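*Asks:* Residue numbers (this note's numbering), protein chains in the order written: chain A, 1 to 326; chain B, 1 to 326; chain C, 1 to 326.
Keep in mind the hints are simulated off the structure, nothing from the lab. Possibly wrong hints are sitting among the right ones.
As the list makes no split between identical chains, a pair holds if one copy fits it or if it spans any two.
Heads up, simulated PhoX-like pairs for lysine-lysine below, C-alpha to C-alpha not over 20 Å straight-line [claimed, not checked]: (1) Lys203 x Lys57; (2) Lys88 x Lys55; (3) Lys139 x Lys33; (4) Lys293 x Lys122; (5) Lys316 x Lys326; (6) Lys38 x Lys13; (7) Lys139 x Lys64; (8) Lys199 x Lys254; (9) Lys323 x Lys199; (10) Lys199 x Lys251; (11) Lys254 x Lys203; (12) Lys254 x Lys200; (13) Lys76 x Lys7; (14) Lys251 x Lys293; (15) Lys44 x Lys287; (16) Lys127 x Lys203; (17) Lys76 x Lys31.
Remember, it's a predicted structure, so these values are computed and weren't measured experimentally.
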Amino acid sequence: MLNLFYKKNNNVKIIDVLNLLKLKNNFKNHKLKINDIKDIYTAKKGDITFFHSNKYKNIISKSKASFCLTSKNYIKFIPKSCKPLVVKNVLLSLSKITNLFYPNSVNDNFDSNVSIFSNSKKFNNIKLGNNVMLGKNVKIGRNCLIGHNTIIESNVQIGNNCSIGSNVIIRKSIIGNSVNILDGCIVGKKGFGFFPNGKKNVKYPHVGIVIIEDNVELGCNSVIDRGSLSNTVIGMNTYLDNQVHVAHNVKIGKNCIIAGQVGFAGSSTIGNNVMIGGQAGISGHLKIGDNVKIGGGSGVINDIPNNAIIMGYPAKEIRKFIKENK
Amino acid sequence: MLNLFYKKNNNVKIIDVLNLLKLKNNFKNHKLKINDIKDIYTAKKGDITFFHSNKYKNIISKSKASFCLTSKNYIKFIPKSCKPLVVKNVLLSLSKITNLFYPNSVNDNFDSNVSIFSNSKKFNNIKLGNNVMLGKNVKIGRNCLIGHNTIIESNVQIGNNCSIGSNVIIRKSIIGNSVNILDGCIVGKKGFGFFPNGKKNVKYPHVGIVIIEDNVELGCNSVIDRGSLSNTVIGMNTYLDNQVHVAHNVKIGKNCIIAGQVGFAGSSTIGNNVMIGGQAGISGHLKIGDNVKIGGGSGVINDIPNNAIIMGYPAKEIRKFIKENK
Amino acid sequence: MLNLFYKKNNNVKIIDVLNLLKLKNNFKNHKLKINDIKDIYTAKKGDITFFHSNKYKNIISKSKASFCLTSKNYIKFIPKSCKPLVVKNVLLSLSKITNLFYPNSVNDNFDSNVSIFSNSKKFNNIKLGNNVMLGKNVKIGRNCLIGHNTIIESNVQIGNNCSIGSNVIIRKSIIGNSVNILDGCIVGKKGFGFFPNGKKNVKYPHVGIVIIEDNVELGCNSVIDRGSLSNTVIGMNTYLDNQVHVAHNVKIGKNCIIAGQVGFAGSSTIGNNVMIGGQAGISGHLKIGDNVKIGGGSGVINDIPNNAIIMGYPAKEIRKFIKENK
């Protein structure tokens, strides 16, 4: 939750939270301010957190958070210093409260703070194309190239020696050195997260960012979504080909080679030195090991151990795939 | 066939039609004007229609149309008040005649009637980015945001409270309220329809439009083609992720969730509350029922009944898929 | 290797080559200039070429090239008039030397020589949208339309009667007559070629171009990469739908129909009159015959003979596919 990108509402009071969640008010001090919303690892005194799985009961037991969104069955694990706010749907409530603190993390409205720059003293180490738009507080390192019609939204940071193509859009992102982002890429848009809700879905706030490490290349028209609560990361020296889709919270390791039209569903973790053939798809919440090779067109729906070579839909060990398809 | 978007040639005479189709002239009044080209449901006196399938013989028998494109075997079904124009290839002839009436429906030449707008009195309820281009007679509701470099072509209508991203192109479309169209989307281009024809294909005119209902979200770099004779429709509260492809005449119901890189071939109908996983493909002319769930990477090549859960290529009942792939 | 697009370094001396490859210098004339780097078919006296496969031993034996990159086992095939430069990795060395001759073929930095044009005397036969950027020495034929925000980089050639959409980027390409390039296409970017190399990959130079023949149509947001040493070619009257990916060196024949989201990996050759259904993928270095039909969603991993009808992943004869999937 980088406050660099998301302006926090510093006036959230406990009564606002209770009203939003339609909870009964049994607190004396209605106007008590809440500092921030945090996960149970990082929440401090004054913060609100959330807890909805036995997996984390040891962590919540030591939390210093002042309030905790939870459901009935989990109240017993919450320490006495922390006041439980009991709701039916913890994640939906979390979404609503996050939205209260970070109202500009839910939508991807265009950044109206950008200005059209031409080469000027302000950016005397970089070369700008025509109609380049840069937001407030954008930081761009030495020897960078920013192509025509490209939009770098407010607070984005770009390292040295980067080449950004034309018609690129970058928001809520931190870009390393010697990164190459080719034409038409969209980096840092909100992920595809929401709660289905009858006639009008409730959108999940995305307060994570995109981190692109050194020497990465992103192919044309690729789209990299930012994280919801954690970040989306593309590791050092990893190359993506054209039209790749990386969903929210995905973490790709170092030295990976990702061919054209590959798609990653949300929250999967990819190891180092992984090679993925064209059009392969990686389902959500998977762990792909180091040095894994995935054949083009494969559909990966299970965790994959280190050094495996797989192919098929569903993807399996390649010798098995070849044998079955003789 | 919305004349809002397609300027009709009001000077089409029967002799023009006969010449174009290389038909013998056995009409007395060469200069008789034809009003419009319509399907057999909507054609009135003065119009030309077409008929080439027994399925519609009861409808053609009651048609008030003055002329009908048809082939030899179907002449007997056409009422006496309607003059048959007998051709070898009804659809190819239809394409040529539609082109005669609506010459600007065949190609997607850029709209030269757009102007670059900045925030002005004309649009005082909306917020415009830089280099926004709006065509003639564009209608945009209250509280809308239109991002940088975005092009809204002539006659497009957008409801209230919409957020349109940057680098978006919208043509021949009617957009509802509270719609969110993310960066890089292209909405309303002509579909991929043509008649293979030796050294130069004959393009099929696209006189349909795209209708986006309330509360829809379209992900980045998605492309939604307009209809050929009917419309392409995205139903209320349906969300599409990034890089989705929706071909001409597709109708998607309400409350659907369509993940990244999904592709719909032409003329399929998708029910309500349908969930489709990433990279799945839906073949053309299919009917997918309500509440259907389609696994990521699936290839759907048959109609699917309500409430089915399917996966695989070709997609089958999910328990069968899992059993076969153990 | 068209010098129209790539400025050649005319000052490459043998000592530069030896230093770059870290080879011992056993030449008398350190300052001897080398003219160009060429393949073994086209290399002349004064050029450097490369040789690393028995398949070409008859050709190298007749080569007039002055120098040849090769490895130990192949020295014996090289004629006496040609001096072998013995390296461990011929292709990596070739990449480095090509880069020395054509330093601007490795990256796709934006073309800073473009200017924003409005309709002017210089281009009085064509119609330009707003914010159109044209590079130096761009040639555009009669009756062309160039849409808004489109960038045509230096030296690109476009024939007569072409319609280029909005937000298109074209570089290092030669476009025929009556070509239709729809919105958001990116034509001529460098291919996805590099040598994995620890913390920083070595990018492969791309000195080929894209050739689009007459009457071709490219769908929205498609990406066509240029060739590395040879060219990428889209044959006459071939139509591509939206979001298609064509990798470097691919050659597609005439009168083909390629549906949405299809992907071609590098260096494959597709015959004439080939039809490919949506989302199909064609692996690299394959030969697909004439009149082949490939079902939607197929994954093609083998050469396909003329007239075959195939489907599946891996793609097989369609009757076999249907039988196996009953």
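*Asks:* Using 20 Å as the alpha-carbon threshold, which applies to Lys251 and Lys293: within, between, both, or neither?
*Replies:* Intra 17 Å, inter 27 Å, cutoff 20 Å: intra-copy only.
*Asks:* Between the shortest in-copy and the shortest cross-copy C-alpha distance, which are at most 20 Å for Lys199 and Lys251: within, between, both, or neither?
*Replies:* Classified as between: cross-chain Cα gap 18 Å, same-chain 33 Å, threshold 20 Å.
*Asks:* Can you tell me if Lys139 and Lys33 fall within 20 Å by alpha carbon in one copy, between copies, both or neither?
*Replies:* For Lys139 and Lys33, the Cα distance exceeds 20 Å both inside one copy (33 Å) and across copies (44 Å).
*Asks:* With 20 Å as the alpha-carbon cut-off, assign the pair Lys199 and Lys254 to within, between, both or neither.
*Replies:* Between copies only: 8 Å across, 42 Å inside.
*Asks:* With 20 Å as the alpha-carbon cut-off, assign the pair Lys139 and Lys64 to within, between, both or neither.
*Replies:* Neither: 35 Å inside a chain and 53 Å across chains, both beyond 20 Å.
*Asks:* How would you classify Lys76 and Lys31 at a CA-CA limit of 20 Å: within, between, both, or neither?
*Replies:* neither (27 Å within a copy, 82 Å between copies)
*Asks:* Tell me, please, which holds for Lys38 and Lys13 at an alpha-carbon limit of 20 Å: within, between, both or neither?
*Replies:* Result: close within a single copy only, 16 Å intra versus 62 Å inter.
*Asks:* Using 20 Å as the alpha-carbon threshold, which applies to Lys203 and Lys57: within, between, both, or neither?
*Replies:* neither (28 Å within a copy, 49 Å between copies)
*Asks:* At 20 Å max between alpha carbons, let me know whether Lys76 reaches Lys7 within a copy, between copies, both or neither.
*Replies:* neither (34 Å within a copy, 70 Å between copies)
*Asks:* Cα distance capped at 20 Å. Does Lys293 pair with Lys122 within a copy, between copies, both, or neither?
*Replies:* neither (45 Å within a copy, 53 Å between copies)
*Asks:* At most 20 Å between CA atoms: does that hold for Lys44 and Lys287 within a copy, between copies, both, or neither?
*Replies:* neither (30 Å within a copy, 53 Å between copies)
*Asks:* Since the copies are identical, ignore which copy is meant and state whether Lys254 and Lys200 lie within 20 Å (CA to CA) inside a copy, between copies, both or neither.
*Replies:* between (40 Å within a copy, 10 Å between copies)
Of the numbered hints given earlier, the model fails hints 1, 3, 4, 7, 9, 13, 15, 16, 17; all others are met.
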